[in-house]
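One line per chain: the protein sequences are F and A, in this order.
Mapped onto our numbering, the consecutive letters of the first sequence carry residue numbers 758 to 1090.
Mapped onto our numbering, the consecutive letters of the second sequence carry residue numbers 7 to 269.
Warning: the hint list may mix true and false statements.
[To be verified] Computed from the model, here is a short list of chain A residues facing chain F with C-beta under 8 angstroms:
(1) D173
(2) E248
(3) I249
(4) L265
[To be verified] Pairwise CB distance ranges, derived in the manner of DEER restraints:
(5) M773(F) <-> K64(A): 42 to 48 angstroms
(6) N930(F) <-> L269(A): 34 to 40 angstroms
(7) E246(A) <-> R1085(F): 27 to 33 angstroms
(8) K209(A) <-> G1009(F): 29 to 35 angstroms
(9) M882(F) <-> G40(A): 30 to 36 angstroms
(10) G40(A) <-> D1072(F): 28 to 34 angstroms
(11) V240(A) <-> I938(F): 41 to 47 angstroms
(12) G963(F) <-> K215(A): 54 to 60 angstroms
(13) K76(A) <-> K965(F): 43 to 49 angstroms
(14) P37(A) <-> N760(F): 35 to 41 angstroms
[Stated by the list, open to error] Below are the DSBU-like pairs computed for lysine-lysine, each with C-alpha atoms no more than 30 angstroms apart in a straight line:
(15) K168(A) <-> K989(F)
(16) K251(A) <-> K1055(F)
(17) K958(F) <-> K168(A)
(18) K251(A) <-> K1027(F)
(19) K950(F) <-> K66(A)
(20) K888(F) <-> K33(A)
(21) K255(A) <-> K1088(F)
(22) K228(A) <-> K118(A)
(23) K888(F) <-> K228(A)
(24) K251(A) <-> K983(F)
(25) K168(A) <-> K965(F)
(26) K1055(F) <-> K244(A)
(27) K33(A) <-> K890(F)
(28) K950(F) <-> K118(A)
(29) K62(A) <-> K950(F)
(30) K1048(F) <-> K244(A)
(31) K251(A) <-> K989(F)
Just so you know, these hints were derived from the structure itself, not from any lab.
In this text, all values refer to a predicted model and were calculated from it rather than measured experimentally.
Heads up, the beta-carbon is just placed ideally off N, CA and C, and yes, glycines get one too.
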Amino acid sequence: MENNHRNVLVFGEVLMGKIVPITLELLAIGRRLADDLGEELYLMLLGEGTGRLGEEAITFGADQVYFSEEKLLNQYNSDLYTHVADSFCRRVLPSVILFGHTDIGCDLAPRLNGRIGGGLSIDCMDLSIDKEKKHLIMRRPVFGGNAIATVISNRVPQMATIRPKTFQPLEKNLSRQGDVIPLEEKIDPSLIKARVVNYIKEEVEGVKLEEAEVVVSGGRGIEDKKNFTLLKELADLLGGAIGATRVACDEGWVPAHLQIGQSGKVVSPKIYIAIGLSGAMAHISGCLGSKYIVAINKDSEANIFNVAHLGFVGDWKEVLPPLIERLRELKGK
Amino acid sequence: MNIIVCVKQVQDPEIPPSKFKIDPETKQVIPPAGVPPVISVYDERALEAACRLKDKYKAKIVAITIGTDKASEVIRHAISMGADDGYLLCDPAFESKDSFKTAYILSKAIEKIGAFDLVLCGRQAADWGAGQVGSILGEMLTVPVVSFACDIDVVDTGLRVKRVVSDGYEILEVPMPCLITVSSEVGLPRLPSGMRIMLARKKPIPVWKATDINIEHSLLEKGHEHTEIIGLVVPERKSECEIIKGTPKEAAYEIAERLVSML
Ligand SMILES: Cc1cc2nc3c(=O)[nH]c(=O)nc-3n(C[C@H](O)[C@H](O)[C@H](O)COP(=O)(O)OP(=O)(O)OC[C@H]3O[C@@H](n4cnc5c(N)ncnc54)[C@H](O)[C@@H]3O)c2cc1C
Ligand SMILES: Nc1ncnc2c1ncn2[C@@H]1O[C@H](COP(=O)(O)O)[C@@H](O)[C@H]1O
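Kindly generate the complete structure, drawing on both the sequences and the hints.
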């Protein structure tokens, strides 16, 4: 690709005054890509208080940190962020842009791409550089995770979103040097077309699904809302959280935020217990990182047994009550 | 209110993984024999969202799809759910997996349809799942874009949209015309009535070719693709699952002991 675009840009995210883990993970993979390209690694941070995070970002791999302290950017707004990212990219001409596969990245990356005319692959699981041609090679699941496609972009910037926890952050290195540079552009508030007027937080009681060491997940086979309380009981006994397939969420048996899979949450607990769910790839792609998968399903042909470590073929209704009872005994509760 | 819904026909994503086959040479997916293609999941929900608006307000729904001649089926499905009209965009020159081409063709078709208040897309197609045609289309139409909606209603200033975020929901207000991408949290799509199915079967579905919608042919040529798929593999899944024999109770005890030993 002949062009004058250079350097890798990470689109950073900040929460409660701190750089979020996914951004540090992106700096790690971004560092590798930049080194392979022989280019520099840039980071962009938006909102009040981001200036003082620049030095820290440099210790995690960035060469140049661009920040805007503009108040209007404190909360994510699709229109403003798209505008700021677009005008920055037109000025700085990065060859690669990395986003988290997060609420922000999933909205911003496609819009920025639409405006700037690059090439975007979302939900990448692996990135590398073709050193000869100097282009980015992206691998991503397609067909709900049934296949993995290798994609290249014929346009710059080459863009990718990456799921949290795909890469490890670098060790903090205090001797790294870099620049922290303010973006001076004034933001015109009339750029806001879609305005956020309210935010409804879904309260979770107990352990957060993404952080749980044990996840008990149910699907269509659980049959109703009431039965899910049994799964909750099991999860509580194990100090874990419950999750669900899309079917169970669609049916309203559990809140939508418990959906695990390609279009839901990605979890990687120590133990994943899959009950009455078939193990469609679109679901499995949300829990493949689990260390140990236990499956209970009455169909011996169910795909879940292709990924589980321990399985029982049978009706969960006959297994769960004695399982809960036995766990109580063993745990002395 | 004039609503346009972009719908795609895809290979049925609910086939068991063992039936999923690819040709790594051509990087194509081989459709499973005897399984008819379906409307992409989120597009069906986008239609549902459109129909709910039509239930409440005066609205006209037009569905469009780019696809083979078989894809008129998804337009019929849209009409059976409640769409008023639909067009099939079918031309060998349209064949592409490139999101920009897809959005460009859709934008030209929308231009021909005329004034609109709302364009709805799915958040992601159930096959290649590029997850960006809606946003690119919004930019091409130069209208505001709201992504991952699960509820849409009319207010004084335009539309009020509830969108899904990882730990809750955001409520936004957006003026019309605009483009909204729809997420599965909209809820289950309605089942078409027998009468509407009949109506959809009889309805003529106009087919538009490149020349019908004023497409600049050079933009559809190969070198214009923004992204290119250079490899396709089915990930290997090693099955080493240890199956517990015995009664459910014995299995329960075995599982309990393993779990406790691991925690
Ligand atoms: C684009 C796209 C994105 C998607 N994203 C997601 C996602 O993020 N998450 C997700 O989960 N899905 C997702 N899906 C849907 C996915 O393809 C499957 O449809 C879904 O995961 C199936 O849910 P299930 O396993 O609960 O239901 P089913 O596939 O119907 O399986 C039910 C299982 O329960 C078993 N069973 C029934 N009764 C009992 C019993 N009494 N005891 C034991 N076993 C029993 C049955 O044998 C069967 O195997 C997506 C699909 C698409 C196309
Ligand atoms: N061939 C097509 N015909 C009509 N609409 C499409 C087509 N491809 C994509 N779309 C729309 O764009 C959305 C996102 O698709 P994608 O970006 O390919 O994942 C889909 O849910 C559809 O609403």
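Hints, one by one, checked against the model:
no. : hint                                     : in the structure
1   : D173                                     : holds, 6 angstroms
2   : E248                                     : holds, 5 angstroms
3   : I249                                     : holds, 5 angstroms
4   : L265                                     : holds, 6 angstroms
5   : M773(F) <-> K64(A): 42 to 48 angstroms   : holds, 46 angstroms
6   : N930(F) <-> L269(A): 34 to 40 angstroms  : holds, 36 angstroms
7   : E246(A) <-> R1085(F): 27 to 33 angstroms : holds, 30 angstroms
8   : K209(A) <-> G1009(F): 29 to 35 angstroms : holds, 33 angstroms
9   : M882(F) <-> G40(A): 30 to 36 angstroms   : holds, 32 angstroms
10  : G40(A) <-> D1072(F): 28 to 34 angstroms  : holds, 30 angstroms
11  : V240(A) <-> I938(F): 41 to 47 angstroms  : holds, 45 angstroms
12  : G963(F) <-> K215(A): 54 to 60 angstroms  : holds, 57 angstroms
13  : K76(A) <-> K965(F): 43 to 49 angstroms   : holds, 45 angstroms
14  : P37(A) <-> N760(F): 35 to 41 angstroms   : holds, 38 angstroms
15  : K168(A) <-> K989(F)                      : holds, 28 angstroms
16  : K251(A) <-> K1055(F)                     : holds, 13 angstroms
17  : K958(F) <-> K168(A)                      : holds, 12 angstroms
18  : K251(A) <-> K1027(F)                     : holds, 24 angstroms
19  : K950(F) <-> K66(A)                       : holds, 24 angstroms
20  : K888(F) <-> K33(A)                       : holds, 23 angstroms
21  : K255(A) <-> K1088(F)                     : holds, 18 angstroms
22  : K228(A) <-> K118(A)                      : holds, 25 angstroms
23  : K888(F) <-> K228(A)                      : holds, 24 angstroms
24  : K251(A) <-> K983(F)                      : holds, 29 angstroms
25  : K168(A) <-> K965(F)                      : holds, 23 angstroms
26  : K1055(F) <-> K244(A)                     : holds, 21 angstroms
27  : K33(A) <-> K890(F)                       : holds, 21 angstroms
28  : K950(F) <-> K118(A)                      : holds, 25 angstroms
29  : K62(A) <-> K950(F)                       : holds, 25 angstroms
30  : K1048(F) <-> K244(A)                     : holds, 15 angstroms
31  : K251(A) <-> K989(F)                      : holds, 26 angstroms
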